[in-house]
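Assemble the complex: chain P is given as a structure, and chains B and E must be docked to it using the hints.
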Amino acid sequence: MEENLLELIILIPFASVVVQYFLHRVLPARLAGLIACGAVLVPFLLTVVVGRGIGAAAPQVPAVTATIASWLTGGGLEVAFGLRLDPLSCAWTLVVTGIGFLIHVYSLGYMHHDPGFKRFFIYMNLFIGSMLALVLGDSLPLLFLGWEGVGLCSYLLIGFWFEDMNNARAGQKAFVVNRIGDLGFLLAMLMIFQTFGTLDIAAVTNGLSAGHAQGTFALGDARITLIALLLFVGACGKSAQLPLFVWLPDAMAGPTPVSALIHAATMVTAGIYMVARFSVFFALAPVASAVVAIVGALTAFVSATIALRQRDIKKVLAYSTCSQLGYMFLGLGVGAYGAAVFHVVTHAFFKALLFLGAGSVIHALSHEQNAMKMGGLKPHLPRTHWTFFVGCFALAGIFPFAGFFSKDKILGEALLGHGWLFPLVGVLGLITALMTAFYTFRLYRLVFTGPERLDAHAKKHLHESPATMTVPLVILALLSIGGGALSLPAFAHFDILGDYLRPIFAPALAVAGEAAHHAVNVEVALMLVSLAVVIGGAWWAWNRFARGPGDQLPLPQGGLPFLLENKWFVDEIYAIFVVGPMRGTALLAGFFDRYVIDGIVNGLARLCDLCGAVVRLLQNGAVHTYALLFIAGAVYLVCSLL
Amino acid sequence: MEVLERVAFYVMAVLAVISALLVVVNRNPVASAMSLVGAFLAVAGLYLTLNATFLSAIQVLVYAGAIMVLFLFVIMLLNLEREPFDLPGIGRIAGFGLSVALLFSLISLALGAVARPETSARGGSGAEIGDVFFSDYLFPFEMASLLLLVAMVGVIVVARRRKPEEEEEEQA
Amino acid sequence: MITVVDYYVVASILFAIGALGFLLRKNVLVMFMSVELMLNSANLVLVASAKSFDLARGSAFALVSVAVAAAEVGVGLAIIIALFRLKATVDAEEITNLRG
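Chains as they are written, first to last, in our numbering: chain P, 523 to 1164; chain B, -2 to 169; chain E, 35 to 134.
Just chain P, with the same shape it has in the complex (with noise of 0.2 Å):
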């Protein structure tokens, strides 16, 4: 009953996507944007009723598992269609159906008047389709089939609108970008095959939980770290971190529903999960695991510096992203694997609900999106106003709403930490935070207060956008305000959340040793300190850009600014040392394509006509040469006999 389920949960929206394929043309746009909502609110329904029946389960890491079908079969390997729902990617799968229904409904009116709207709807259910089969694949190949189909419909939907090059131009980046990491993730693959002989997630782990019980692998084993390394790096495509997170931004290029679904509430996440997925991996191996903390502590710094200074709404939010993700990783290095999780969770609510609203300002301004040339906004969306206001709380981390709990979490574990590495990237996480509650509020400040600084083309339909677009942000303001209930600090006995996922990273923890329970009041300090250093930040956003930006308010010059508008100018090292070299190479081979291989191919083809004109001066049709020739044989013949 519950496999039968679970396999429905995967298999609507791959269905509700070839209805609408091959029905396109008959359905009426109205009706396939209704299937597409029903498509993801029956999966997200129905892993609530599987979900909740393995919370409370053995010792072993409780799961309900189904196998839709055989798949790859041959000699030592057998690789199945199997899923798995276990609490971590239960989780997960109710994070993306949930926030993905908001979203389709959302996308139902934000997308009202586009011409591709149909076309729309059959990539969103594609995209989730492929997640939840990256979530629930319990095995690496379904992972990676579900990994490189949400990249898929990553490139599909930043390229929506391919009229425009640029668009295009944004897909193919993020597409190109992508493969860096997957050739990583790939190549984890290969050697976990080749070191454990199975594909398998769960005999995987199990097996190398077992393998280090039995003395196989010890702690700091260089093959294990080097899956690790492998293992990070494809994380770091997909979750857009240094150095591979130059897409995202440009993925900004898509339908903003697209930016909120898909580059900040789950697809981008894809990366954590594997990492959560495979933290025994991680907690075998500290030097991966330094790595994952540094990277994640700078990708959060370097994105939020960016962040600072960028104008278009949906940019500062890009870069914001980036920089959470960044956070996530931190939590995941320092050892935190339930409250990088939680974070995702509070994240999904807060990142769409602020890119759905940032969709709201657009939709209401004509798709106006530099942030200089809003201000004022306040009475005119008033739905839109209060809900980006909860969200701009939740990003920065202002007690009681629920980014506050999860980013303190991390913060917590990492400030708290053993040794010099773990309290140095918290510490940068904490100047993360100041500059992430002063670009939340100077962006909030410069949209919807000061005076009017809107263009009489975005002033025409400024108007509140309709009950499909506000009701899916009222339902994320209250989760933005409540999630932090899910899981309280320690000292408060409450964790619903750490709780449900203790099993799944009971062996990661097993192996690093449980974090060391810290004195109530040491908690309550960070935490005030943290609150402290945010509500500094956002105070000071909020004074600084009462009045809105530009002349009344001239922004500060100089070295630092400058690199920072130019975001620290990674687009162009990766021309100079990537791209530039690349098409060097490809000019190279091409002219050698071109003149030498060409060339030898033409020749040989020259060549052989030039023979061909030789021999055809003895085809000449006569009929005499050729009897002069055959009685020639003859006569040498003849001779020979003689």
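No lab work stands behind these hints, which were simulated from the structure alone.
We put the CB at the ideal spot given by N, CA and C, even for glycine.
Check the hints yourself; a few may be wrong.
A few chain P residues that face chain E, going by a derived Cβ cut-off under 10 Å, partial list only [what the hints assert, rightly or not]:
hint	residue
1	Arg1138
2	Gln1141
3	Asn1142
4	Gly1143
5	Ala1144
6	Val1145
7	His1146
8	Ala1149
9	Leu1150
10	Ala1156
Relative to the frame of chain P, chains B and E by itself:
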């Protein structure tokens, strides 16, 4: 008897060679054809000296009769004129030289042959050949008849005068 | 005494003359006649050789060969007629449609 045989052989051989040469040399195709009759008849005579009487008769009937008549018909049908004389080119000289080479090499090959005693088990009469054909060589015999039939159909198809519309079709 | 060698010599001469005619003449018909000469010489060798073994069998061989020759002449002449209709000539040097 012996002498008579020799005389007959030499007469026929000389006649055959001369007629053959005339075939090649004559520039009027009709005259060539008539010389060819002579050559065929001389070969028929040579068959006679070999005691192959039935074959000799067939040679006269088929070659000197049927085949020659065909040739003559065609020559008349095409209304050919005398071939104009032109100076020998390289191809001609090469052809002549090659033919001479062929002649000498063949003759030297022939002279190298060892004459076996002429102890034929059976003669060349019609009855004896019929025996062979209707026992051992029945299948080749039947195949020969089939071949002739096919040739007959083929000849009709190839040489038939096309109707104008068919001609157009073919050219298209 | 006339031996098989004498027949071989005569046949050789006839064959060479046939070859000569085929190589030197331009008229397709005469070339065809030359081919017939060569065929006859071959038949002559066949029968002369058979004298030493079994004349009846050799004659049967030669008979089949005559039948083939008859068929060949028929088809060959038909082709010449068709060719003449097409080209209005029987000059072999002018018929070079198969030039590569």
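Hint check, Val1145(P) versus chain E [nearest Cβ-Cβ separation less than 10 Å]: Constraint on Val1145(P) satisfied, holds at 5 Å.
Hint check: is the beta carbon of His1146(P) less than 10 Å from a beta carbon of chain E? Interface hint status for His1146(P): holds (6 Å vs cutoff 10 Å).
Is the interface hint satisfied for Leu1150(P)? The criterion is a beta-carbon contact with chain E at less than 10 Å. holds, 6 Å
Does Arg1138(P) pass the interface check with chain E, least Cβ-Cβ distance below 10 Å? holds, 5 Å
Restraint check, 10 Å cut-off on beta carbons, for Ala1156(P) near chain E: holds, 8 Å
At a threshold of 10 Å, is the proposed contact between Ala1149(P) and chain E supported by beta-carbon distances? holds, 6 Å
Classify the hint on Ala1144(P) as holds or violated, based on whether any CB of chain E lies nearer than 10 Å to its CB. Status holds, d = 5 Å.
Would the stated hint for Gly1143(P) survive a check requiring a Cβ distance to chain E of less than 10 Å? holds, 3 Å
Gln1141(P) was flagged as interface toward chain E. Is the shortest Cβ-Cβ separation under 10 Å? For Gln1141(P), the interface hint holds, since the closest Cβ of chain E sits about 3 Å away, which is under 10 Å.
Hold the hint about Asn1142(P) up to the distance rule: shortest CB distance to chain E must be less than 10 Å. Asn1142(P) check passes; min Cβ-Cβ to chain E is 5 Å, inside 10 Å.
Checked against the numbered hints above, the structure breaks none of them.
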